[in-house]
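**Student:** Protein chains in written order, with my numbering: chain A, -7 to 103; chain B, 397 to 694; chain C, 5 to 300.
Derived from the structure by calculation, the hints contain no laboratory data. A portion of the hints provided could be inaccurate.
[To be verified] List of simulated lysine to aspartate or glutamate pairs, EDC-like, C-alpha gap at most 16 Å: (1) Lys262(C) x Asp571(B); (2) Lys209(C) x Asp257(C); (3) Lys592(B) x Asp97(C).
[Claimed, not checked] Computed spacing ranges between beta-carbons, pair by pair: (4) Glu463(B) x Asp170(C): 20 to 28 Å; (5) Asp55(A) x Gly70(C): 17 to 25 Å; (6) Pro525(B) x Ala284(C): 53 to 61 Å; (7) Asp69(C) x Arg102(A): 51 to 59 Å; (8) Arg102(A) x His250(C): 28 to 36 Å; (9) Ser85(A) x Asn237(C): 32 to 40 Å; (10) Ala466(B) x Gly77(C): 27 to 35 Å.
These figures come from a predicted structure and were not determined experimentally. Beta carbons are placed, not taken as given, at the ideal position from N, Cα and C, and that holds for glycine.
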Amino acid sequence: MKIAISAQETGWNAPVDPRFGRAQYFVVIDDTTGEISYIDNRANANAGHGAGPNTASLIADNDINVVITGNGPGGNAARVLATMGIGVFVGASGTVRQAYEDYKAGKLMRQ
Amino acid sequence: MTQYQTQLKEQFMRIAVASGKGGTGKTFLSVNLAKYLSQFRPIVLADLDVEEPNSGLFLKGELIAQEDRARMIPQWIPEPCTLCRECQYNCNFNAIIQAKNQIMIFPQLCHSCYACADLCPENALRMVPQKMGVLSRYRIDNLCFIEARLNIGEEMATPMIAQAIDYLDKNFSPDILQILDSPPGTSCPVIEAVKKADFVILITEPTPFGLHDLTLAVDTMKKLHKDFAVVINRYNLGNKDVEDYCAEDNIPIITRIANDRRIAELYSAGQLVYDKVDHFSKALGDIIDFLSLKTTVK
Amino acid sequence: MKEIVIISGKGGTGKTSITAAFAYLAKGSVVLADCDVDASDLHLLLKPEIKRSENFYSSQVAVIDGVACTSCGACYDVCHFDAIIPGTPYKIDLISCEGCGYCEKVCPEKAITMKANLDGQWFISTTRLGSHLAHARLGIGAENSGKLVSVVKNVAKQLAQMLKLDTILIDGPPGISCPVISTLSGATFAVIVTEPTVSGLHDLKRVYEIARRFRVGTGVIINKADINKNNYNKIREFIDIQGIKHLADLPYDTTFTKAMTEGKTIIEYTPDNIISRTLANIWPQILRLTENTKKQ
């Protein structure tokens, strides 16, 4: 399963970005292999309108199963993620590592 | 009633009431001016602050007509679609995206430019009407009140304002005076609202905030080549800077409305003030005299 | 990072004056951001010294190359915004052009290009209160898409990181559309300033709905609280039912305006005034509420 966490940088120690559509990066963790990679979302983060849906489209294209973020995506992005069957967990803070551990411990809220 | 009011009657004018800043008294002035004038002649008042149409809170009238207003948005037809992503590339507003094997459309972001549908190589998109708001027409004696109300969730005000103005163009003979209660700010919506007005009243306050936002509104009116003048609300608060600015820039000040707790109280309760506070009735008279001169001298 | 937003729904309720009072109390412990980019006023009270200014490009407009144009009318036929002016050559009405780019795609001579539109400017300033301010000015007739708001917030965040501060105090825009959504997205706590008028409760409900959707903690200040008893009670009833924190009532008072006219915050102007004392009391309370919201 591939988990994407909205972040301001890349890697385990990157600070979580509470925003979904305007997050610069998504750190991607494959929890079966333990592999870590990232999605560069800078083009969408700087868009005028429509940052949310385009980010969601990019997430879907990368075959992500679960998104972890701070405040939760807006209506349009939430619609794309729901349609694609991608789970959304909110309330993440601190570093990517912390967010991932909180998610594993069931501390994050499913939207 | 002054000597000019009979003359004003012969002339068509569409007057927009606007301001750079919110809360300076646009709706307050619009509804009271319209109701006051309607004692003497037929008047049309249109509330174009479609995000927050508040004029209707002050006018209790009879509903004459109501119609839904729509704008055109694309609809996906899956069968012919080859998932080529051309529509996503052709949309400059990110209102249509391809997510894996689906095309998804975001009506709030769509500007109805038709590019995605017209340029789709497989004809897999068609433009269909989507309801964006409601136009209502009320009658209160001599006053015809048009309310344009944007649906909650619609983020774009401009198309609704454009349709309301289109309605005014089509439904009223050109000898009836029209007053437009405009949205605040200096961005797209207010430009759409004042674009086709003959004259703009900018209402402001004699404070540093009022002055700053007035200068922005003045720049906007100049850019649009509009004829305009200023009404100072809550006069005797603040300072003389707004007056000095107007004098320096040769901007006429039509009248000054005194700051008055009684006005604030009546207004907060949703009441009209034109016939209850003498100094305010006099200020309305000043505005009508000014507009009369404007139309006769032209 | 904590983001405290002062917001109102309706314009003219006193949110900028209240933001300025909090800015005075917070001194250099916060970074300020003015997200009311359409009619920003906070700088009038803070007398900022601009340290950096940048152009902001967001939307596009079509440009026709007069030499390449053959006046074939293909662009005119597809434009839905009456933005093409026929002639030799054809021209663009820049005020009407929405930047959709349809004309560019159909021009057989490739005479039309889309060019970035200067939609405004943003600034980093120091203020006389010892804090930094991120602010901006949207261009006339530009579309307030929320992107400039997002730029201002990002700049404020970077400033806070650089200065090792953990709180951003934001003066929010009026209304409920795009710019408000961008302001509340990622915020920790929203102070909603309302007034007991017929439109006050209506606008409070709409802006609260957005704050709730973004899981932003909320508190309410009722300004001009004594102007209408009936509407005041309705506001209290609404916030009680929703569980919104009632922060304070402020009386109808021209002192805000007098202070503003002097270019001062109300607390500098009359520290003993009831409004000044009330605001001084609730600022630490808001900081505590922000802590709680963050821990949830």
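**Student:** Next, verify each hint and record whether it holds.
**Tutor:** So, going through the hints one by one against the coordinates:
1. Lys262(C) x Asp571(B): violated (44 Å)
2. Lys209(C) x Asp257(C): violated (25 Å)
3. Lys592(B) x Asp97(C): holds (15 Å)
4. Glu463(B) x Asp170(C): 20 to 28 Å: violated (53 Å)
5. Asp55(A) x Gly70(C): 17 to 25 Å: Between aspartate 55(A) and glycine 70(C), where Cβ atoms are some 49 Å apart, the hint is violated.
6. Pro525(B) x Ala284(C): 53 to 61 Å: holds (54 Å)
7. Asp69(C) x Arg102(A): 51 to 59 Å: Given a distance of about 54 Å, which is inside 51 to 59 Å, the answer is holds.
8. Arg102(A) x His250(C): 28 to 36 Å: holds (31 Å)
9. Ser85(A) x Asn237(C): 32 to 40 Å: The hinted range 32 to 40 Å holds for serine 85(A) and asparagine 237(C), with Cβ atoms some 38 Å apart.
10. Ala466(B) x Gly77(C): 27 to 35 Å: Given a distance of about 28 Å, which is inside 27 to 35 Å, the answer is holds.
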